[in-house]
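Protein chains: 2
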Amino acid sequence: MLKPGATIGILGGGQLARMMALAAAPLGLKCHIFSPKGDNPAFDVAAAFTEADYTDEAALHAFADAVDVVTYEFENVPARTADVLAGHCPVHPNARALAITQDRLTEKSFIRDLGLPVPDFRAIDSLDDLKAGMAALGGFGVLKTRRLGYDGKGQAMIRPETVLAEAWAKVGEAPCILEALVPFDRECSVIAARSANGSSAAYEICENEHRHHILSRTILPASVSSQLGHEAMAMAEKIAAALDYVGVMTVELFVAGDRLLVNEIAPRVHNSGHWTIEGAETSQFENHIRAVAGWPLGLTRRLGRIEMNNLIGDEADRWEDLLKEPGAHLHLYGKAESRPGRKMGHVTRVWPEKA
Amino acid sequence: MLKPGATIGILGGGQLARMMALAAAPLGLKCHIFSPKGDNPAFDVAAAFTEADYTDEAALHAFADAVDVVTYEFENVPARTADVLAGHCPVHPNARALAITQDRLTEKSFIRDLGLPVPDFRAIDSLDDLKAGMAALGGFGVLKTRRLGYDGKGQAMIRPETVLAEAWAKVGEAPCILEALVPFDRECSVIAARSANGSSAAYEICENEHRHHILSRTILPASVSSQLGHEAMAMAEKIAAALDYVGVMTVELFVAGDRLLVNEIAPRVHNSGHWTIEGAETSQFENHIRAVAGWPLGLTRRLGRIEMNNLIGDEADRWEDLLKEPGAHLHLYGKAESRPGRKMGHVTRVWPEKA
Chain Z
0 MLKPGATIGI
10 LGGGQLARMM
20 ALAAAPLGLK
30 CHIFSPKGDN
40 PAFDVAAAFT
50 EADYTDEAAL
60 HAFADAVDVV
70 TYEFENVPAR
80 TADVLAGHCP
90 VHPNARALAI
100 TQDRLTEKSF
110 IRDLGLPVPD
120 FRAIDSLDDL
130 KAGMAALGGF
140 GVLKTRRLGY
150 DGKGQAMIRP
160 ETVLAEAWAK
170 VGEAPCILEA
180 LVPFDRECSV
190 IAARSANGSS
200 AAYEICENEH
210 RHHILSRTIL
220 PASVSSQLGH
230 EAMAMAEKIA
240 AALDYVGVMT
250 VELFVAGDRL
260 LVNEIAPRVH
270 NSGHWTIEGA
280 ETSQFENHIR
290 AVAGWPLGLT
300 RRLGRIEMNN
310 LIGDEADRWE
320 DLLKEPGAHL
330 HLYGKAESRP
340 GRKMGHVTRV
350 WPEKA
Chain C
0 MLKPGATIGI
10 LGGGQLARMM
20 ALAAAPLGLK
30 CHIFSPKGDN
40 PAFDVAAAFT
50 EADYTDEAAL
60 HAFADAVDVV
70 TYEFENVPAR
80 TADVLAGHCP
90 VHPNARALAI
100 TQDRLTEKSF
110 IRDLGLPVPD
120 FRAIDSLDDL
130 KAGMAALGGF
140 GVLKTRRLGY
150 DGKGQAMIRP
160 ETVLAEAWAK
170 VGEAPCILEA
180 LVPFDRECSV
190 IAARSANGSS
200 AAYEICENEH
210 RHHILSRTIL
220 PASVSSQLGH
230 EAMAMAEKIA
240 AALDYVGVMT
250 VELFVAGDRL
260 LVNEIAPRVH
270 NSGHWTIEGA
280 ETSQFENHIR
290 AVAGWPLGLT
300 RRLGRIEMNN
310 LIGDEADRWE
320 DLLKEPGAHL
330 HLYGKAESRP
340 GRKMGHVTRV
350 WPEKA
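Chains as they are written, first to last, in numbering that gives the first Met the number 0: chain Z, 0 to 354; chain C, 0 to 354.
I should point out that these hints are in silico values taken from the structure, not numbers from a laboratory.
Certain hints may be false.
Cβ-to-Cβ under 7 Å is the rule here; a few derived chain Z residues that face chain C [said to hold, decoys possible]:
| no. | residue |
| --- | --- |
| 1 | A24 |
| 2 | D43 |
| 3 | W318 |
| 4 | L331 |
Just the calculated beta-carbon pair ranges, DEER-fashion [said to hold, decoys possible]:
| no. | chain 1 | residue 1 | chain 2 | residue 2 | range |
| --- | --- | --- | --- | --- | --- |
| 5 | C | A47 | Z | A164 | 48 to 56 Å |
| 6 | Z | S215 | C | R300 | 22 to 30 Å |
| 7 | Z | R304 | C | K169 | 54 to 62 Å |
| 8 | C | D112 | Z | R216 | 52 to 60 Å |
| 9 | C | L126 | Z | E319 | 53 to 61 Å |
| 10 | Z | R95 | C | A58 | 48 to 56 Å |
| 11 | Z | E319 | C | A47 | 21 to 29 Å |
| 12 | Z | G86 | C | R185 | 53 to 61 Å |
No more than 25 Å apart at the CA atoms, straight line, and that leaves these computed lysine to any residue pairs for SDA-like [what the hints assert, rightly or not]:
| no. | chain 1 | residue 1 | chain 2 | residue 2 |
| --- | --- | --- | --- | --- |
| 13 | Z | K2 | C | R338 |
| 14 | C | K353 | Z | G303 |
| 15 | C | K2 | Z | P339 |
| 16 | C | K130 | C | R146 |
| 17 | C | K36 | Z | A47 |
| 18 | Z | K36 | Z | D313 |
| 19 | C | K323 | Z | D67 |
| 20 | Z | K323 | C | G197 |
| 21 | Z | K169 | Z | D127 |
| 22 | Z | K353 | Z | L321 |
| 23 | C | K323 | Z | S198 |
| 24 | C | K353 | Z | R301 |
| 25 | C | K36 | Z | A65 |
Since we're looking at a predicted model, the values are computed, not measured.
No residue lacks a Cβ here, since even glycine has one placed at the ideal position from N, Cα and C.
Next up, chain Z with everything else stripped away, as it sits in the complex (with noise of 0.2 Å):
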């Protein structure tokens, strides 16, 4: 358990780790960034911060010998980058979530055998397979590289008309993941904290909408019955005590009919969670950083009626507007240069509950 006046480390320097540094403070806790060179909007609100690359052995050792635990605001940290800091110090979430969550045929087998419903898949490492497997799926499927995916990068989507062979190559004939297709209703998520000690809480599921493969909205409550929502938030408990989970960490959804299916789990704080910065009793970023610091978790009661909204590229543009839009919230993320689909900020309004 880490005292008020220790040290977080962060690895990654983007908007993430910025609010978890934003969330550290008011509890006494400094944050040391880790980032390579770029653009790292994280630097201005931590106290202090290390520019280099995550295979740069001699920097992570002085990193990790500077802080008291290290956290990260993205899940494809090098195993090797994460094994160096761990002979240093802790490291959460642990390795174990990391190389989960980084093979995508590895994290859909996992949640399946914890016997959580997942879309029917199967490995695909070559062309053959991939013409097997569609035949098998009817037709429809996702075809996705099984590392580095983010934010539908590395995807093709298969549909009866597709010549395989140039699906195949779309993904750079790497080792992949064939999904069905899920006719869904909608996609939801569930974040959830857990601490050292064991104990968890969810927040309320929420509904989110995608524009270009990019999260653009986020609403609560989630139109689905109370009864999903609450099986969600128990499946997403259940992944992180399988485990031996500390921090915070993302579920995403697939809602069909009365039928959830998980899509994929996120080892991090999330995009989806924004909203509980103003519409939750104790935000993502402080139930992160408390569960990291081996910390109580806070309260994760929604407060309201919410929608967060990203701001996308030119959209943060609008933010002479927002400001001056009674109780929008906005969040800019202090980047340097603002590119087409990069996340510039977000804005969020909260309304009181319906009586």
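Please arrange chain C on chain Z, whose structure you already have, making use of the hints.
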């Protein structure tokens, strides 16, 4: 009007500057803190800092060139410091607000001249003045140095049995103000924000309890009539307008029966406004940043019944219990050293409004 990415310079490196910086970041603004060598917890959350004396003009010039606007966390900014900075960039609140609030006599006269109620007072420049003043006030009064008073230092309570020469010695025979002792029922304050375009927004009046002249507890709603509450908010907005004020200011008031008396003004965010972080739609810190950035103000609406307790000295050792308490929002200021009487943190509790 600043654009996101601009830098706000803040004089002072304590908890108020720290909470300002934490409020500036989500708005996409950077902070650069200027403070003398010492325990400066605001440095830990700022994009840049300068550790130098307020009289170091070379450092002030460099600082002012590096920022887009300057503000401060304390009212005793030396006039020369503010002048040097104002030669480079806007300083908010303005020099007049500083000059008036740095001198208790000037301040009380200014408030009285606005037609607002203040305790009876007179200037004291000699022991003879003090004798005459006490005779006029009927034996009870508070003698305060005109300048540099803070948390009860430089004050002497005077009763009929007080040896006036001793009281005069206690305040160092400095230019003083003698104020009538007000038999008040409660101490309250109003935090008000005023933007560059002249619009203003006051927070609801709060009730404050002091121990050893240091704020201990703030509660809302205050035990005052709705009419008095609105009068107090109007007083704060009147004072801000008269000063052509930009930023957040605080008006401390005595409530005596159905009367309000202005006790003092602080040209800054204030300990009695810490409740606004969780307890209001927009915090005092965010509204101060919005104002000095030339941006529109956010809503000041209160979100529930509120209690804010300061953690003074070793009271902050209770952090572990407070973390365990559901709904308690802990704030620790990251100070290196705890001392008796030192503000180490605070905790805010917000409950739903009674039906």
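Within a Cα-Cα threshold of 25 Å, do K353(C) and R301(Z) meet the stated pairing?
holds (18 Å)
Can the restraint linking K323(C) and S198(Z) be considered satisfied, given a maximum Cα separation of 25 Å?
holds (12 Å)
How does the Cβ-Cβ distance of D112(C) and R216(Z) compare with 52 to 60 Å: does it lie in that range?
holds (53 Å)
Assess, step by step, whether the Cα of K36(Z) is no farther than 25 Å from the Cα of D313(Z), and give holds or violated.
holds (24 Å)
Assess, step by step, whether the Cα of K353(Z) is no farther than 25 Å from the Cα of L321(Z), and give holds or violated.
Given that 25 Å is the threshold and the Cα spacing comes to 24 Å, the pair holds.
Would the hint on W318(Z) be counted as holding, given a Cβ-Cβ threshold of 7 Å to chain C?
W318(Z) check passes; min Cβ-Cβ to chain C is 6 Å, inside 7 Å.
Starting from K36(C), check that the Cα of A65(Z) is at most 25 Å away, please.
holds (23 Å)
Hint check: K2(C) vs P339(Z), CA-CA at most 25 Å. Holds or violated?
Satisfied, since the Cα-Cα distance of roughly 20 Å is no more than 25 Å.
So, D43(Z) near chain C? Judge it on the closest CB pair being under 7 Å.
holds (4 Å)
Are K323(Z) and G197(C) close enough, with their CA atoms no more than 25 Å apart?
holds (15 Å)
Consistency of beta-carbon spacing, R185(C) to G86(Z), with hint 53 to 61 Å:
holds (58 Å)
Starting from the hint 22 to 30 Å, judge whether the C-beta atoms of S215(Z) and R300(C) obey it.
holds (28 Å)
Every hint, counting from the list given before, is met by this structure.
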